[in-house]
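S.K.: Each chain is listed here by its residues.
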Amino acid sequence: MLRSVLFWLSQRVTAVLLIVLLGLHLWASNFTTDWVTLFKAVIDMSLLALVLFHGLTGVRTVVLDFGLSQQGRQFLSLTLIIVGIAALISGAYGIWPLLLAQ
Amino acid sequence: MYAWLIQRLSGLFLVIFVLTHIAAIAQANLVIIQGFQAQVFDALRNPFWADGSPALIFDLATLGIIAFHGMNGIRIVFLDLGLGVQRHRAAFWISMLAAIAVSASVIIFGLPLLP
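Going line by line, the protein sequences match chains F and L. Under the working numbering, the first residue of the first sequence carries the number 1, and numbering increases by one thereafter. Under the working numbering, the first residue of the second sequence carries the number 103, and numbering increases by one thereafter.
Hints may be right or wrong, so weigh each one.
To be verified - Chain F is faced by these chain L residues, among others (derived, beta-carbon under 8 Å):
| hint | residue |
| --- | --- |
| 1 | 108 |
| 2 | 113 |
| 3 | 116 |
| 4 | 124 |
| 5 | 125 |
| 6 | 127 |
| 7 | 128 |
| 8 | 172 |
| 9 | 175 |
| 10 | 181 |
| 11 | 185 |
| 12 | 189 |
| 13 | 212 |
In short, the hints are calculated from the structure, not lab data. No experiment lies behind these values; they were computed from the predicted model shown. Cβ atoms here follow ideal geometry from the backbone N, Cα and C, with glycine treated the same way.
Produce the entire structure from the sequences given, and follow the hints as far as they go.
M.R.: Right, here's the structure in full:
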């Protein structure tokens, strides 16, 4: 029960943050050269972590709506956590050169 | 009901897009193939210039889908706060207008700023 509420609430909170971060990401990556690279890297890392959380939690919600056994739920959670961590590492590896660029 | 369904479908599309986007940039940094990094960043940076390229259509479609998902998402947050429950139908169309406005402003004001 509490877990469901927390997932629901975190989806809403990350949704609002993502809209702000996405605007900053679009601007920082394409339309400005003035911003400090550290600032860009912080934007991108926050966006990366939040978007993975929001997206994979969303996938969890969609899949759970089809109905799963207890074992299926555990397998789903484990899969999503592994995908999330792998994408987080590979994303951080993509952002890293930003810091070396200047 | 349709808004709910489209929100889910667009969400699933965006998860795939985000994972691909992350993988593309990370792989670009593995400079195994000579000039691959430059190619990937060129494609990411200049998709709108690539005349007749599928990248143009894909990027515009993704922009629209992100705008839809985001603006409809704001409507859902408002609904959960108890705002606009009685006028949720009007709120949907307002969020659609907002999505069109966001996409249009990125295209009209953003594109000319590309270096």
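S.K.: Have a go at the residue 116 (chain L) hint: is there a Cβ in chain F nearer than 8 Å to its own Cβ?
M.R.: This interface hint holds because 7 Å falls under the 8 Å limit.
S.K.: Can we keep the residue 172 (chain L) interface hint, with Cβ of chain F closer than 8 Å?
M.R.: Since chain F brings a Cβ to about 5 Å from residue 172 (chain L), closer than 8 Å, the hint holds.
S.K.: With chain F as the partner, please determine if residue 125 (chain L) meets the hint condition of a C-beta pair closer than 8 Å.
M.R.: Nearest chain F Cβ about 6 Å off; hint holds.
S.K.: Against chain F, run the beta carbon of residue 124 (chain L) and see if the smallest gap drops under 8 Å.
M.R.: Given a least distance of 4 Å, the restraint on residue 124 (chain L) holds.
S.K.: Do the numbers back the hint for residue 189 (chain L), that is, is its least Cβ distance to chain F under 8 Å?
M.R.: At about 20 Å, which exceeds the 8 Å cut-off, the nearest Cβ of chain F leaves the hint on residue 189 (chain L) violated.
S.K.: With a cut-off of 8 Å on the beta carbons, see whether residue 128 (chain L) makes it to chain F.
M.R.: holds (4 Å)
S.K.: Under 8 Å is the threshold here; is the Cβ of residue 181 (chain L) close enough to any Cβ of chain F for the hint to stand?
M.R.: violated (11 Å)
S.K.: Would the hint on residue 113 (chain L) stand, with a C-beta cut-off of 8 Å toward chain F?
M.R.: holds (5 Å)
S.K.: Answer holds if the nearest beta-carbon of chain F is closer than 8 Å to that of residue 127 (chain L); otherwise answer violated.
M.R.: At about 4 Å, which falls below the 8 Å cut-off, the nearest Cβ of chain F leaves the hint on residue 127 (chain L) intact, so it holds.
S.K.: Holds or violated: is the Cβ of residue 185 (chain L) closer than 8 Å to a Cβ in chain F?
M.R.: Violated. Min distance 13 Å.
S.K.: With a cut-off of 8 Å, does the beta carbon of residue 108 (chain L) approach a beta carbon of chain F closely enough for the hint to hold?
M.R.: violated (13 Å)
S.K.: Hint validation: residue 175 (chain L) versus chain F, beta carbon distance must be below 8 Å. Holds or violated?
M.R.: holds (5 Å)
The structure is inconsistent with the numbered hints 1, 10, 11, 12, although it conforms to all the rest.
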